[in-house]
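Residue numbers (this note's numbering), protein chains in the order written: chain A, 29 to 261; chain B, 5 to 274.
The hints are simulated quantities; they were obtained by calculation from the structure and are not laboratory data.
Careful, some of the hints might be misleading.
[Stated by the list, open to error] Derived coverage of chain B by chain A (criterion: at least 3 residues anywhere in the stretch with Cβ under 8 Å from a Cβ of chain A; other residues may be distant):
| no. | segment |
| --- | --- |
| 1 | 54-64 |
| 2 | 87-95 |
| 3 | 106-117 |
| 4 | 165-178 |
| 5 | 203-214 |
| 6 | 230-241 |
[To be verified] DSS-like cross-link-like pairs, simulated, lysine-lysine; straight-line CA separation at most 27 Å:
| no. | chain 1 | residue 1 | chain 2 | residue 2 |
| --- | --- | --- | --- | --- |
| 7 | B | Lys67 | A | Lys121 |
| 8 | A | Lys152 | A | Lys228 |
| 9 | A | Lys184 | A | Lys228 |
| 10 | A | Lys234 | A | Lys152 |
| 11 | A | Lys149 | B | Lys67 |
| 12 | A | Lys170 | B | Lys67 |
The beta carbon of each residue, even a glycine, is placed where N, CA and C say it ideally should be.
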Amino acid sequence: MSDPVSTLEQFDVDGALRETAAAAFPLTRGELFRLSATAAAAGALGYFGASVEEADAAAAKTENDIAILRFDQTLEYLQAGLYTEAERLGALKPATLGWARIVGAHERAHLRAIENLLGDKALKNPGFDYGGVTSDESAFLKTAVAFEDLTAALLKWQAPRLDSRAIVAAAVSLHSVETRHAAWIRHLVGLEPATTAFDKPASQHKMAQLISSTHFLVARPKVAAKTKPRYTG
Amino acid sequence: MTVRKRVVGVGLLGAGALVLLGLGLLRHPGGSKTHPAQPQAFLSQVGRLPPPQRPAFEVGQPKLLSRHELIAWFAPVRREVDARKAPRETAAGVASLTLRTAEATTNIVLVLRQRREPGGLWVQIRLPVLPNNLTGWVPRRALGGYHVVHTHLVVDLERLNASLLNDGRKVFSAQIGIGKPDSPTPTGEFYVRDRVSGFGNPFYGPIAFGTSARSAVLTDWPAGGFVGLHGTNEPNLIPGRISHGCIRMRNQDIVRLSHLMPVGTPISIH
Numbered sequence: 029m030s031d032p033v034s035t036l037e038q039f040d041v042d043g044a045l046r047e048t049a050a051a052a053f054p055l056t057r058g059e060l061f062r063l064s065a066t067a068a069a070a071g072a073l074g075y076f077g078a079s080v081e082e083a084d085a086a087a088a089k090t091e092n093d094i095a096i097l098r099f100d101q102t103l104e105y106l107q108a109g110l111y112t113e114a115e116r117l118g119a120l121k122p123a124t125l126g127w128a129r130i131v132g133a134h135e136r137a138h139l140r141a142i143e144n145l146l147g148d149k150a151l152k153n154p155g156f157d158y159g160g161v162t163s164d165e166s167a168f169l170k171t172a173v174a175f176e177d178l179t180a181a182l183l184k185w186q187a188p189r190l191d192s193r194a195i196v197a198a199a200v201s202l203h204s205v206e207t208r209h210a211a212w213i214r215h216l217v218g219l220e221p222a223t224t225a226f227d228k229p230a231s232q233h234k235m236a237q238l239i240s241s242t243h244f245l246v247a248r249p250k251v252a253a254k255t256k257p258r259y260t261g
Numbered sequence: 005m006t007v008r009k010r011v012v013g014v015g016l017l018g019a020g021a022l023v024l025l026g027l028g029l030l031r032h033p034g035g036s037k038t039h040p041a042q043p044q045a046f047l048s049q050v051g052r053l054p055p056p057q058r059p060a061f062e063v064g065q066p067k068l069l070s071r072h073e074l075i076a077w078f079a080p081v082r083r084e085v086d087a088r089k090a091p092r093e094t095a096a097g098v099a100s101l102t103l104r105t106a107e108a109t110t111n112i113v114l115v116l117r118q119r120r121e122p123g124g125l126w127v128q129i130r131l132p133v134l135p136n137n138l139t140g141w142v143p144r145r146a147l148g149g150y151h152v153v154h155t156h157l158v159v160d161l162e163r164l165n166a167s168l169l170n171d172g173r174k175v176f177s178a179q180i181g182i183g184k185p186d187s188p189t190p191t192g193e194f195y196v197r198d199r200v201s202g203f204g205n206p207f208y209g210p211i212a213f214g215t216s217a218r219s220a221v222l223t224d225w226p227a228g229g230f231v232g233l234h235g236t237n238e239p240n241l242i243p244g245r246i247s248h249g250c251i252r253m254r255n256q257d258i259v260r261l262s263h264l265m266p267v268g269t270p271i272s273i274h
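Model the full structure from these sequences, guided by the hints.
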């Protein structure tokens, strides 16, 4: 098995994946090794091998808040991309496509807002491969329920960890919308929209595990090179 | 109601309230915070709350996707695979797909449509092979993530002109040089495969795009005779029928185009 860290630079040409990994998934060294092993096998998730120090270097005054926002930005990239692709392909049932159309627009708006707030600390789009999920009704619904449920729980986990009250105030406006998304998609699937009186938070680590399990996060293709062209001329 | 009756009524209400208050104090002699909220006290609390924290951001109005967007899809080849004539493993193979191009970029293909078959999801793709304009079917799992472009390059061989459309609107136009009569630029539907720069060869200008089109004549050309779209060191020959099949532009035009045209853009040459 090749070392995922040593091959990462060749694989992740513009560094977007490493940047995302370092900033949005600041895992412990042990977690890095465990996830790197999975990444090497998959050949596409080597981004977990990026150094935690990169995140520290990139952080500014409210390092903690920036790390949380970058995590959310990556998650918004993933969700916005998933729902937008599903809508454009148009292979799902009308009710599901209707949900994807509205919720995709919401997630794109969330993404723009977080990007604006992060400014030059914002991450590049790391690139995603949703495989056949965006064309498969059952797979799409399961994925959407998992992501929406967990996003609502994640924001609950993040809110008390934010330093800035202003960001908490903003995050609350996202949180209620994410819970509506979760209830709506659960209703579409035929699940109970609200199963408990109180919700438990879910950690960033849990979300990172879900993302890892989907294999959605991949390097963008290398489409540019500095080399002599061999076209006919 | 007479004034007397009203006074008596108010008096009784006041007495009742005092009795209730007394009972409450007996149950909670310390006057603890578990008192039932008094309307006046409750309302007076509102004014004492701190001013609201202004959110760090406000989410803007969500924008629905336009129903009129004109997009094309491309995807990287994720595993070496034989493209087939029909969406099934037993169908005849039409071409083998590699992971890399001759320029060591990722081999990408234009996605034309999908079809769900009993064996899984299949994708019809445009192939970068001879004969030109060939399409084939591959399993979805052989490709990586889908990417979208809104652009389309239209090459008019008659008028010696190339135009770039974005969602159907013309955003660029330039005169071009095309293949000589004995090495013509192929016609049909193609796509931009990659982009190279920094090669230091004035013949190709500062930037060159690789396309999926191939010369049907120069088949023994290195790397298979792929047709490029590039600058030139002979701008005075443009417009004209001057090349080995490639589409040449003046350098300022290819630089301008490079800011507008992403890799994956479909190309129509007619």
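Do three or more residues from the segment 87-95 of chain B put their C-beta atoms closer than 8 Å to C-beta atoms of chain A?
-> violated (count 0)
Does A:Lys152 pair with A:Lys228 here, judged by a C-alpha cut-off of 27 Å?
-> violated, 31 Å
Do the alpha carbons of A:Lys184 and A:Lys228 lie within 27 Å of each other, as the hint requires?
-> holds, 8 Å
Three-residue Cβ test at 8 Å for the coverage of the segment 203-214 of chain B by chain A | Holds: 6 residues of the segment 203-214 of chain B have a Cβ under 8 Å from chain A.
How does the coverage statement for the segment 54-64 of chain B fare against chain A, requiring three or more residues with Cβ below 8 Å from a Cβ of that chain?
-> holds (count 9)
How does the coverage statement for the segment 165-178 of chain B fare against chain A, requiring three or more residues with Cβ below 8 Å from a Cβ of that chain?
-> violated (count 0)
With a cut-off of 27 Å on the C-alpha distance, tell me whether B:Lys67 and A:Lys121 pass.
-> Within the cut-off at roughly 22 Å; holds.
For the segment 230-241 of chain B, do three or more residues have a beta carbon lying closer than 8 Å to a beta carbon of chain A?
-> Check passed, 4 qualifying residues.
Regarding the pair A:Lys170 and B:Lys67, is the alpha-carbon distance no greater than 27 Å?
-> Judged against 27 Å, a Cα distance of about 25 Å means the pair holds.
Would you check the hint for A:Lys234 and A:Lys152, treating anything up to 27 Å between C-alpha atoms as holding?
-> Distance of about 23 Å is within 27 Å: holds.
Are three or more residues of the segment 106-117 of chain B within 8 Å, CB to CB, of chain A?
-> With 6 residues closer than 8 Å to chain A, the segment 106-117 of chain B meets the three-residue bar; holds.
27 Å Cα cutoff - pair A:Lys149, B:Lys67 | holds, 24 Å
In this structure, the hints that do not hold are numbers 2, 4 and 8, in rising order.
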